[in-house]
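Number of protein chains: 2
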Amino acid sequence: MRFMSSLERAVQTRGRFPAVIDGETTRTWAEVGERVARLAGGLVAMGVEPGDRVAILAMNSADYLEALYAIARAGAVSVPLNTRWSVEETAAALLDFTPKVLIVDAAFRDQAPELRRRAGIASAIHMGPGPVPAEMEGHEALIAAHAPLPDRSGSGEDLCSLCYTGGTTGRSKGVMLTHANLTFAAVNWIASLHFSDETVFLHSAGFFHLAGSIPLFALTMAGGTHVLLPKFDAEAAMETIQRRRVTYCLFVPTMINTLVNHPRSADYDLSSLRLIEYGASPISLSVLEAAMARLPDCRFIQGYGLTEATALTLSLPWRHHFESDEGPSKRAATGRAAYGIDVRIAPPGGGEELPRGEAGEILLRGPQITPGYWNQSEQTAAAFHDGWLLTGDGGFMDADGFVHITDRVKDMIVSGGENVYSKEVENAIFAHPAVQDCAVIAIPSEEWGEAVHAVVVFRPGRSATFEEIRAHCRARLAGFKCPRSLEVRDALPLSAAGKIVKAELRAPWWADRRRSVG
Amino acid sequence: MRFMSSLERAVQTRGRFPAVIDGETTRTWAEVGERVARLAGGLVAMGVEPGDRVAILAMNSADYLEALYAIARAGAVSVPLNTRWSVEETAAALLDFTPKVLIVDAAFRDQAPELRRRAGIASAIHMGPGPVPAEMEGHEALIAAHAPLPDRSGSGEDLCSLCYTGGTTGRSKGVMLTHANLTFAAVNWIASLHFSDETVFLHSAGFFHLAGSIPLFALTMAGGTHVLLPKFDAEAAMETIQRRRVTYCLFVPTMINTLVNHPRSADYDLSSLRLIEYGASPISLSVLEAAMARLPDCRFIQGYGLTEATALTLSLPWRHHFESDEGPSKRAATGRAAYGIDVRIAPPGGGEELPRGEAGEILLRGPQITPGYWNQSEQTAAAFHDGWLLTGDGGFMDADGFVHITDRVKDMIVSGGENVYSKEVENAIFAHPAVQDCAVIAIPSEEWGEAVHAVVVFRPGRSATFEEIRAHCRARLAGFKCPRSLEVRDALPLSAAGKIVKAELRAPWWADRRRSVG
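Quick mapping for you: the protein sequence lines, in order, are chains A and B. All residue numbers for the first sequence refer to the numbering used here, where the first residue is 10 and numbers rise by one. All residue numbers for the second sequence refer to the numbering used here, where the first residue is 10 and numbers rise by one.
It is possible that part of the hints are untrue.
Covered stretches of chain A (chain B as the covering partner; in silico rule of three or more C-beta atoms under 8 Å from a C-beta of chain B) [claimed, not checked]:
| id | region |
| --- | --- |
| 1 | 11-23 |
| 2 | 269-281 |
For the chain A half of the interface with chain B, some residues (derived, Cβ under 10 Å), not all of them [claimed, not checked]:
| id | residue |
| --- | --- |
| 3 | 192 |
| 4 | 198 |
| 5 | 201 |
| 6 | 204 |
| 7 | 205 |
| 8 | 331 |
| 9 | 374 |
| 10 | 376 |
| 11 | 468 |
| 12 | 472 |
Keep in mind that the hints were calculated from the coordinates and are not lab data. Since the model is a prediction, treat every value here as computed from it, not as a measurement. Ideal placement from N, C-alpha and C gives every residue a C-beta, glycine not left out.
Turn these sequences into a full structure, and let the hints steer you where they fit.
This is how it looks when you write it as structure tokens:
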């Protein structure tokens, strides 16, 4: 299984058709193929060798898409970085995987000198609009200057990409994804979520996140058309759907709600939409009904996945959103196993399969599962039990094989589709001089699904405002990880063993609703 | 990639829905799962160990389907045998792969004693209707007597199945198919040919052929419903399509023609059909138009594959059967690369890719390609060039990446979807005492696509009738390999190097038509 096979197929079978539409720029698959091969030549000329890591810190763009494939064609490992991270977080990751080259765009050119200095990165590339800084190579100049590089990409178990996620210990972890992981994930996405060469897909997630990159890789395999927005908002999305006749989007339910109920929704022709995949949380019946009325030719599929399983592992087909001859609606479920994926509910931490209906931890196995974390053998060992990946998500499987996610085993918050590990936020808050004790929990949020909430005990005679605590965190963490609310207590509830009882802190927030994570 | 993952998924997510309808017998996926696990227990009790081969010689049935999965669950290698072979041919194959157990049904019970004696097979199972012979175990008795065996199946590069095809040297070759080959082929089929859990598929090809077994494995992965006919004919097919509301068939174009133009076609309700995949040869416009008129809700997709590539490697989507904004009709083509499959046209025998439009041999690479032939390292080496499989099919790729198959590089005839190697037939004819020289070629056939035609030079003063030659062959070869016509000549045309010029023999037969193989 060769990751590059997907792009080669698109070039071979869809050469004269649009590959990517990025603002006013449209490139065909033949153009993308040629540019990728030349850029790969440029990377090799810069000293990139098979197995080297190349980092990308940029907003979504046609150039970004090319860079991902050029890195693979050169036999190197792409590492797309979270654009919402602080410089601290980015620098820590760069030191972890030591890239040979750093690629940035105009949004991150100012961070580049400090990041390169701190991580000792000799070479950098500037892509997209804006002048190329003196100490960098230009993306276009590299393409112009180099002949197409014959393919030297890897295959099978060779490492193809690293995807960094937050870590339970506060240190972010690089999930290793192989050619086999990514190739199977792409064909599985096509099979489960119905991409084709007729799909015109509007990207709404950053390419640093698998919710952005796996549809990118799958749609390339299918030979469809990528539509990019530099910055995603509801009105820009609607304008682009109308103008580019977009057929397929991937949204969180909040975004579907916004699209349907936006005051200017009726001004746009959204009739080209055929399928919306949604994730991160179940969809309410009221939002679904409003969406069906507004978009009568569109269907909705729920997808669930995680970075360690190369995205898609469960999906909820359209017809199971409703009662039918086959049985009741499964809308409250997250989905059932995608193709080739083994799913099991077991006691937390792993073990034998539990009977249907009994809650436990969701375990996964199959060709999409990561071989582990970069440079972190202990964390890797802890993530698996007897060959099964421990997802950290809790739930049960019903009699029809649909998984209902009800809780999270790991102490993690999913806010706006991003994973936030409580420990990482707690570490930052603890560093504030006024803080004696703290606990970070998820509370419900209409907008984000869950929001980061801090419960703090101050040192005797000391205190700080919410704004001070938040600013203190913001200097250390990405914005999405910082608390959105603060609660001050005299003491935290402790178990007999002296452990903080987070369930007690969460209880009043979740009293009238079931915690629905997904 | 675990082959067994597909059945486990079907049991987990479609347990109470019909898995297989075989005449009056219907079994759910839960029942099939339970019976497979118990039968696997029976096989292990009979001494089957991981890696052992288990042969099946039977007509399609629900029991056959179970046996294929039970063998895999026990960690063994299934070898479904061609039901049209002579006892000679079957015995030769059995001696090649030395099975631990032979499974037969009522149609082959009489052959079993001789086959077991000649190949030294200690154990045998009888499945399906009819009394169980004293020296065999019964399929049902094994299921009843044994507890479900915990899964001990292999994965990845472990051998899962052997599929025997005719050989260029006259010795049939066992194509080794791994868990990875079969798993990728199944998900690729779902992605390319649109199987789902709503698919009700009428099997028309024997399970010993990949045109029978790969849809079997793919539909199991999708959790759909298999519909079986013990013996396939047009009227039985139409009756079953109507009765079982079949949605999907795999046919050769001749069969589509029969279905549409059959005198009793109008008596049957075929309105449930949504997709017909066809193969072995392109479809004529007249047949396609008649089929579209008769089946207005049905679409047609062409598929091409070969055993060494685990079936599907090229497909021709429905919309490319017609002229459109995208360009002219591609109906004359065989198709373009399936997902994850690398396709290249190179000089016969392999090498660098030829320019578009230039004819050469079709080469394939990717996760579906066999690691080689069982016990035949020389034939394996000859089948590959620089990591690419040599298909033996000649053709060109057009500017849009569609492959047009125009010739066959190997001296092979494809008759009714079966590969016939000329050499094998010539060897049989040479053994006739009256024959001095002979050549076997393909001639066009309305019914079979191609037919086996023998050109013979008799010894001075000797001769034989067509019937005598055919009967002589029939004693040695499967019926489909025996000549359907005979031409007697004084001498065969020879090249300067003394090689028979088959092109000259073929020319008059193919004068007014392009040889269209696929």
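| When the hints from earlier in the document are held up against this structure, which numbers fail? | The structure breaks hints 2, 8, 11, 12; every other hint is satisfied.
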